[in-house]
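Taken in order, these protein sequences are the chains called A and B. Heads up: the first sequence runs through residues 1 to 307, numbered per my numbering. Heads up: the second sequence runs through residues 1 to 352, numbered per my numbering.
One thing to keep in mind: the hints can contain errors.
Between beta-carbon pairs, the in silico distance windows are [unchecked claim]:
| id | chain 1 | residue 1 | chain 2 | residue 2 | range |
| --- | --- | --- | --- | --- | --- |
| 1 | B | Ser107 | A | Thr123 | 53 to 59 Å |
| 2 | A | Ile216 | B | Tyr58 | 30 to 36 Å |
| 3 | B | Ser107 | A | Phe81 | 50 to 56 Å |
| 4 | A | Thr58 | B | Gly194 | 49 to 55 Å |
| 5 | B | Ala234 | A | Leu134 | 56 to 62 Å |
| 6 | B | Ala234 | A | Pro260 | 54 to 60 Å |
| 7 | B | Ser211 | A | Ile158 | 53 to 59 Å |
| 8 | A | Asp130 | B | Gly167 | 41 to 47 Å |
| 9 | B | Tyr58 | A | Asn184 | 54 to 60 Å |
| 10 | A | Asp60 | B | Ala32 | 32 to 38 Å |
| 11 | B | Glu173 | A | Gly129 | 52 to 58 Å |
| 12 | A | Ala150 | B | Ala32 | 58 to 64 Å |
| 13 | B | Ala32 | A | Leu258 | 56 to 62 Å |
| 14 | B | Val274 | A | Met243 | 33 to 39 Å |
Please keep in mind that the hints were generated in silico from the structure rather than gathered at the bench. Ideal Cβ placement from N, Cα and C applies to all residues, glycine included.
One letter stands for each residue in the lines below.
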Amino acid sequence: MSVEFAVSAVRTTIKAGTPLLMGTLGEIYTERSGVLNLGVEGMMIMGAITAFSVTANTNDPWLGVVLAAMVGGVFSLIHAFTSITLRANQIVSGLALTMLGLGLSGLLGKPYVGMTIKRIKETQLPFIGDIPVLGPMLFRHDPLVYISMALVPFMWFILFKTKAGINIRSVGENPAAADSLGVNVFMTRYICVFVGGVLSGLAGAYLSVVYTPAWIEGMTAGRGWIVIALTIFSMWSPTRALMGAYLFGGVSAIQFNLQPLGVSVNILNMLPYIATVVALLVGTRETVRKRIGAPSALGLPYSREEK
Amino acid sequence: MKLRIERSPFYSRLKSIAVMFTSIILALALVAVIFYLYGVNPLIAYGKIFRGAFGSPYAWSETMVKAIPLLLCGLGLAVAFKAIIWNIGAEGQLLIGAIMATWIALSFPDIPSTLLIPLMFALGFLGGAIWGLIPGLLKAKLGVDEIITTLMMNYIADNLLKHLVYGPWKGSEEWGFPYTNKFSYSAQLPRIPGTRIHYPTLLIGLILTVSIYVLLMKSKWGYEIRVVGESREAARYAGISFTKIVLLVMVVSGGLAGLAGVGEVAGIQHRLRVGVSPGYGYTAIIVAWLGRLHPLGVLASSILFGGLMVGGDMIQVAMGLPFSVINIFNGLILLFIIGGEILIRYRVILTR
Chain A
1 MSVEFAVSAV RTTIKAGTPL LMGTLGEIYT ERSGVLNLGV EGMMIMGAIT AFSVTANTND
61 PWLGVVLAAM VGGVFSLIHA FTSITLRANQ IVSGLALTML GLGLSGLLGK PYVGMTIKRI
121 KETQLPFIGD IPVLGPMLFR HDPLVYISMA LVPFMWFILF KTKAGINIRS VGENPAAADS
181 LGVNVFMTRY ICVFVGGVLS GLAGAYLSVV YTPAWIEGMT AGRGWIVIAL TIFSMWSPTR
241 ALMGAYLFGG VSAIQFNLQP LGVSVNILNM LPYIATVVAL LVGTRETVRK RIGAPSALGL
301 PYSREEK
Chain B
1 MKLRIERSPF YSRLKSIAVM FTSIILALAL VAVIFYLYGV NPLIAYGKIF RGAFGSPYAW
61 SETMVKAIPL LLCGLGLAVA FKAIIWNIGA EGQLLIGAIM ATWIALSFPD IPSTLLIPLM
121 FALGFLGGAI WGLIPGLLKA KLGVDEIITT LMMNYIADNL LKHLVYGPWK GSEEWGFPYT
181 NKFSYSAQLP RIPGTRIHYP TLLIGLILTV SIYVLLMKSK WGYEIRVVGE SREAARYAGI
241 SFTKIVLLVM VVSGGLAGLA GVGEVAGIQH RLRVGVSPGY GYTAIIVAWL GRLHPLGVLA
301 SSILFGGLMV GGDMIQVAMG LPFSVINIFN GLILLFIIGG EILIRYRVIL TR
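Next up, chain B with everything else stripped away, as it sits in the complex:
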């Protein structure tokens, strides 16, 4: 008997969704084994994660708080990945968005909210977009691999942020912590009472979910993005400018990540600080992939991963497990998804 893998003539959306769920379950099962080997009862750990993430109205609200940046970053990445442009730099683009918003908030504390908040979002988008545009230009004009440049831009942004909060922007009232001063009230986003959900950002995220859907599925640009993603060769014959598409997807994905950064400083922290993002930009890669690069899929998976991050915090506090456990889960889920995709597209045949 020999094992052979052959292209399957059948491809269904149902199968693909089944693979998603199987991937999640397999990853959860494998992490359970790791918990067990580490001396932690997996049932108790998962119980805590689930209750912490979805067990009460408050838990749900915290899950939504984490889902907001994941949604914004994930939507942008879905656009980039659709064109097979590997923007791994959402984390850095988010941080630059946060830095830009902070700059505005600290420079103009006294202008009214109605002006200040939109200005912060606009500059945050711009900052993230520019941070994405740099690797985009290098890719489009000089053929420089975007995976590495976007990643390097993350480290550069992280160090820029640290430089600012330890140096020139260090708060006078912050007892030596690496924080800027607190934003004035007009630079703080309103929240749903009793929660930390900064609803303006959530609303932006939901509007963008629809807009990105329209962009990708119904517009000429979306068509061109998809063609470039399918085949660069075909795109060239169809007269689609590769440069234009690369710059477009980098501006959109960078800008959206920038908006997420604005939400974090203006809605949650009310200041810029080290650790403003616990890796939202990296987790968003999986959010986009698990959502099958479909805006509604991204919305669903951002809530799932928001919950996982909240649950991850829970077991960190309650069971002394490091936060990096979530990385194990993220890595496994990605491996299972790409492995599973093969099972959708191919079938395993036993031959003699």
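The shape of chain A in the complex, shown without the other chains:
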């Protein structure tokens, strides 16, 4: 195996893994607070169309990225309202959000089909970008890749080493106890759902202005669902999310590299989905073995009157 091949494989892996990493980090926060949001696919595609249309109109991809994150966040508040305030069925609400996102983005995106936009350029990091082999592998990417990497330790630190993180986790494990200790359960959950929405929107933006700079209806292609599987696979830990996301990025790299060998494209396209089922299986087994369950209150609405 040549060095160039290894470099290109790692680069493909990181690029394909980045949107999954962003989405998974967000969903980890959402679920840690006790809310299951199955609307990732919908929030992601809303992010993708927002970033693309804003970039097409303003020629400023960064404005597109920022607005996409905002739209993802606002979109997630629909789910927050139905599941936290109304205490409705979170599974159905998440599914509804996905349908809504796919529909709205299809409508909004219609004028942008086939358009090309200015994309975000790759930036070589100073010094470390010059290291042979490792430099091009890891440190010559677009800034969004670095942001997603930096988010991993940052979000891990907040979740496990700060008061805010303790609050988030206690709200997800035992909201009644957290409430009696003075934690605002509703606010904490709203914020965590919003964080999930922002990161899903960012993931969508990455897809439409960096990964495949184009608008294609339904271009998230199930990545939102892969994110939900990865959240379980990662056992709700940001560091394991990094591993999981790049593992999946690696599946894409395999796809690209097997294609020239004459393996059917459609068979190769099955790989990430088969891998998702396998990852979920592994994650579930490990969760059981290590007795690290899902947040105890995951998917359960909380109300003061009915404990």
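Chain A is already provided as a structure; the job is to place chain B on it using the hints.
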């Protein structure tokens, strides 16, 4: 003044039906606003949708054509959802049914209809059932979340279908289109003359509406399904096997979706092709939910959504709106229903 939501002591079927209708109307109103903002006159758009779906005998027949797969998938999903098993995989199970039927139709073009058609339906059911059984087994035996696995199976089935029609099954007479060859006559379902309604499938759907009603409401299995849905804990104390119920509902819902797939290839397309289903399996989730998981409710809502899909096609052609508009409507209606259900079960109280 403070707003408080409290469990209401009153629950009535009338209220629940009222919520259904209000949800539909609210979703229609909100989509009208979206149409308007998009620069489309909502009245004209709805006029076209309504006429396209229910405005003439032909429109009705097309609505029924779309209602058939929605009914079959929706009935199956109602059974699964009743047990709180989230089968989101009807789309993939439908596609596998279509693939199995195509396999039989292309392999044995010459055996008589009376044998071939039942064989296609049987294999289609089997295919869909197996596709549902895989996530079912993972769920029952290993506790793997069925929402994601059933969804992933959709993508896998879709790619399998594409692989077949672009590759080994690609038709020699089809000018490079991703179609298989046309089925022989004995593999084609009869239709009501002048329409595309393949009545054998419709008949199966209606018979199954009754059978599923009996299964759910009158049989021991139905009782067990409902208990599992109410409380897994209670089911365990009552000695009901969770594994058995999961596998049962996945076989039934997968198999029924498989039958829908057979109907589409044998009754409508007469071949396997990409785009054999415009998302019937996903829309059926709302059909089941809007029908309140009751077979008769599912029948009614399958006709409503059949109409919406036909109308959706209409405005796509006539007004250049993308087909995905129907997804907006689907999402909104679901949100309103679950929001509305809260209003049935709870009451809002203003306190000082």
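Hint check:
The hinted range of 53 to 59 Å is satisfied by serine 107(B) and threonine 123(A), whose Cβ atoms lie roughly 57 Å apart. At roughly 34 Å, the beta-carbon separation of isoleucine 216(A) and tyrosine 58(B) lies within the given 30 to 36 Å, and the hint holds. Our hint of 50 to 56 Å for serine 107(B) and phenylalanine 81(A) holds, since their Cβ atoms are close to 53 Å apart. Between threonine 58(A) and glycine 194(B) the CB atoms are about 54 Å apart, so this pair conforms to the stated range of 49 to 55 Å.
Distance hint check for alanine 234(B) and leucine 134(A): the Cβ-Cβ separation is about 58 Å, which falls inside the suggested range of 56 to 62 Å. For alanine 234(B) and proline 260(A), the hinted distance range of 54 to 60 Å is satisfied, since their beta carbons lie about 57 Å from each other. Range check, serine 211(B) to isoleucine 158(A): about 54 Å between beta-carbon atoms, so the 53 to 59 Å window is met. Evaluation of the 41 to 47 Å hint for aspartate 130(A) and glycine 167(B) yields a pass: the beta carbon distance comes to about 46 Å.
About 58 Å separates the C-beta atoms of tyrosine 58(B) and asparagine 184(A), a value consistent with the hinted range of 54 to 60 Å. Between aspartate 60(A) and alanine 32(B), the C-beta spacing of about 33 Å keeps the proposed range 32 to 38 Å intact. Glutamate 173(B) and glycine 129(A) have their C-beta atoms about 56 Å apart, which keeps the hinted 52 to 58 Å range intact. Taking the beta carbon of each, alanine 150(A) and alanine 32(B) are about 44 Å apart, not inside 58 to 64 Å as hinted.
At roughly 48 Å, the beta carbons of alanine 32(B) and leucine 258(A) sit outside the given window of 56 to 62 Å. The hinted range of 33 to 39 Å is satisfied by valine 274(B) and methionine 243(A), whose Cβ atoms lie roughly 36 Å apart.
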